[in-house]
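As you go down the protein sequences, you meet chains F and D in turn. Going by the numbering used here, the residue at position 181 of the first sequence is 181; the numbering climbs one at a time, nothing skipped. Going by the numbering used here, the residue at position 103 of the second sequence is 103; the numbering climbs one at a time, nothing skipped.
Calculated from the structure, these hints are not laboratory results. Among these hints, one or two may not hold up.
Pairwise CB distance ranges, derived in the manner of DEER restraints [unchecked claim]:
{"id": "1", "chain 1": "F", "residue 1": "GLY158", "chain 2": "D", "residue 2": "GLU124", "range": "57 to 67 Å"}
{"id": "2", "chain 1": "D", "residue 1": "GLU253", "chain 2": "F", "residue 2": "THR134", "range": "29 to 39 Å"}
{"id": "3", "chain 1": "D", "residue 1": "THR40", "chain 2": "F", "residue 2": "ALA174", "range": "50 to 60 Å"}
{"id": "4", "chain 1": "F", "residue 1": "GLY158", "chain 2": "D", "residue 2": "ALA258", "range": "27 to 37 Å"}
{"id": "5", "chain 1": "D", "residue 1": "LEU45", "chain 2": "F", "residue 2": "ALA147", "range": "49 to 59 Å"}
{"id": "6", "chain 1": "F", "residue 1": "ARG143", "chain 2": "D", "residue 2": "LEU52", "range": "49 to 59 Å"}
Here's a subset of chain F near chain D, in silico, CB distances under 7 Å, partners left out [stated by the list, open to error]:
{"id": "7", "residue": "ARG21"}
{"id": "8", "residue": "ARG27"}
{"id": "9", "residue": "PHE29"}
{"id": "10", "residue": "PRO41"}
{"id": "11", "residue": "CYS43"}
{"id": "12", "residue": "TYR44"}
{"id": "13", "residue": "ASN47"}
{"id": "14", "residue": "CYS48"}
{"id": "15", "residue": "ARG49"}
Short derived list, chain F residues pointing at chain D, Cβ under 8 Å [unchecked claim]:
{"id": "16", "residue": "VAL20"}
{"id": "17", "residue": "TRP23"}
{"id": "18", "residue": "HIS45"}
{"id": "19", "residue": "LEU93"}
The structure presented is a predicted model; accordingly, all values stated were derived computationally and were not measured. By construction, the Cβ of each residue, glycine as well, lies at the ideal position given by its N, Cα and C atoms.
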Amino acid sequence: MRGRTHSRPKPPGRAASRRVRVWRRGRLFGHLTLAQNLALPLCYHRNCRPDAVEVEVDRLLAQFELQPLALRLPGQVNGACRQRAALARAMALVPEVLFLDDPLAELNTAQVHWWLNWLGAPPRPTDVRSRPATIVVATDDLRPWLADDRQYALLHDGRWQVLGNRDQLAASPASLRRELLAEPPAPR
Amino acid sequence: MAKGIAAAPGWPRVDPRPAGAWMRSSLRWAGGWLLAAADTVRRLLAFSLITLGVAATRYRSASALIGPLILQQVATAGLRLLPITAVIAAAMGWAIVGQTVALLTQVGVQDLIGVAMVTAVVRELGPLATALLVLLRVGVPTVVQLGTARALGEVEALEALGIDPVLLLVVPRVLGMTVAVFALTAYLVVGALVAGYGFAFLQDVPLTPGDYFRQLALALTWQDFLLLGLKAVSFGLVIALATCFQGLSRALELREVAQITGVAVVASLLGCVVLDALFIVLYLLL
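Start from the sequences, fold in the hints, and give me the full structure.
Here is the structure:
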């Protein structure tokens, strides 16, 4: 990947789902701490006790910059941290396809930067989990997501319409561009 | 505007109908209620079978995680309720055993003390009181927890992570509550009988402890032990399954959690009463 070789970590279990979804606001389990939320799917799929995955969970929390909040309940941290913890929990399962449900909604600028940086930056050697090959993002606003190496599609009235890459998106009808990219109408 | 408010759902309406129409609507309501109850029982049975199937086939695949959860549930539903069980046992001993022993002694039929105690405390009140206690202290929080988790999408998130919600949320609660009701019933019955004699002693009833417990031993048969155990286990299962079913069975909104909590309590009570009636028939047959 980008001229470097990265070894993929072993999938956490035989039955682990390889297509994992991250919801808006995270949907973490309210009675578990952030660390326990991350440990739960690992323990379930590996049939082990939480202390057996403690080191891995710590490294995941560090990768997603959540270590100081490890012992907090989801209700005690802000929405951005909850959503990032949900991303860490999803990544713990080494997904092949990651579905993100409008991850930038309700985030401040710094958090938006963090997400876009995580999605666009090359993997670091210290990462416990590298990003999956396929990430599908559902969003109402395409503007933050415009990049050359991405494909776009439109889900409208229950129908799936492939728009193509950024250039093809730019060549789409003006009305569609106005809707997706909030482009101002052409001057008369 | 006023018409719009009155037409809103949940607003009380008074319809000026003739008497015959009220009868028809009452019958329609009763019929609808019966059909809904039958459908709920059918779905509850299906839910019970699913839980049994998941416990039998998938427990081993996640035993290291589920095992401690079961023990935690036994502690929550059983150990934590021991103090209040002791208080209820003492109250039952004073209110029922103590007074009954004193009354039977006054009218000179002391020989019936054992039979009366076994029938009242061992067969009926002990298991029912324990079931009520567990329903109120553990069953109600269970519905609220599961209903809230369902309403907030946590259950959906579990499924998305490849985790079976029945194995993680239902199986530990069902096993924990069943074991807890069984154990607490035994403690409650023993506590009530011992406390009852204590209160009878305080009322100067001329009955030695040896006579009291000999009469109890004579009145107890192996069927009493067997059916008491079965009854306690059945009550525990009914409460656990009804509360978990109401919390998880359908998509909920947060505002509906209070409503389903009430439904779960009523369903559990009805289930226990029906089971109790069946056990009375069994006692009579054996």
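How the hints compare with the structure:
Checking the proposed 57 to 67 Å range against GLY158(F) and GLU124(D) shows it holds: the Cβ atoms sit about 58 Å from each other. The hinted window of 29 to 39 Å between GLU253(D) and THR134(F) holds, with their beta carbons roughly 33 Å apart. Distance hint for THR40(D) and ALA174(F): a CB-CB separation of about 55 Å, consistent with the stated range 50 to 60 Å. At roughly 35 Å, the beta-carbon separation of GLY158(F) and ALA258(D) lies within the given 27 to 37 Å, and the hint holds.
A beta carbon spacing of about 54 Å between LEU45(D) and ALA147(F) agrees with the range 49 to 59 Å that was offered as a hint. About 52 Å separates the C-beta atoms of ARG143(F) and LEU52(D), a value consistent with the hinted range of 49 to 59 Å. Because the closest C-beta pair between ARG21(F) and chain D is about 5 Å apart, less than 7 Å, the hint holds. A cut of 7 Å between beta carbons decides the hint on ARG27(F): the least distance to chain D is about 4 Å, and the hint holds.
Among the interface hints, the one on PHE29(F) holds; its C-beta lies about 5 Å from the nearest C-beta in chain D, closer than the 7 Å criterion. For the restraint placing PRO41(F) at the interface with chain D, the shortest Cβ-Cβ distance is roughly 4 Å, inside the 7 Å limit, so the hint holds. A least Cβ separation of about 5 Å between CYS43(F) and chain D falls short of the 7 Å threshold, and the interface hint therefore holds. The closest approach between the C-beta of TYR44(F) and any C-beta of chain D is roughly 5 Å, which is under the 7 Å cut-off, so the hint is satisfied.
Look at ASN47(F): its Cβ gets to within about 5 Å of chain D, closer than 7 Å, so that hint holds up. Satisfaction of the interface hint for CYS48(F) is found here, the shortest Cβ-Cβ separation to chain D being roughly 5 Å, below the 7 Å cut-off. A cut of 7 Å between beta carbons decides the hint on ARG49(F): the least distance to chain D is about 5 Å, and the hint holds. Below 8 Å, beta-carbon pairs count as interface contacts, and VAL20(F) has one with chain D at about 6 Å; its hint therefore holds.
The criterion of a C-beta within 8 Å of any C-beta in chain D is met by TRP23(F), whose closest approach is roughly 7 Å, and the hint holds. For HIS45(F), the suggested interface contact is upheld, since its CB lies about 7 Å from the closest CB of chain D, less than 8 Å. For LEU93(F), the interface hint holds, the least distance from its beta-carbon to any beta-carbon of chain D being 7 Å, beneath 8 Å.
Of the hints listed earlier, there is not a single one the structure fails to meet.
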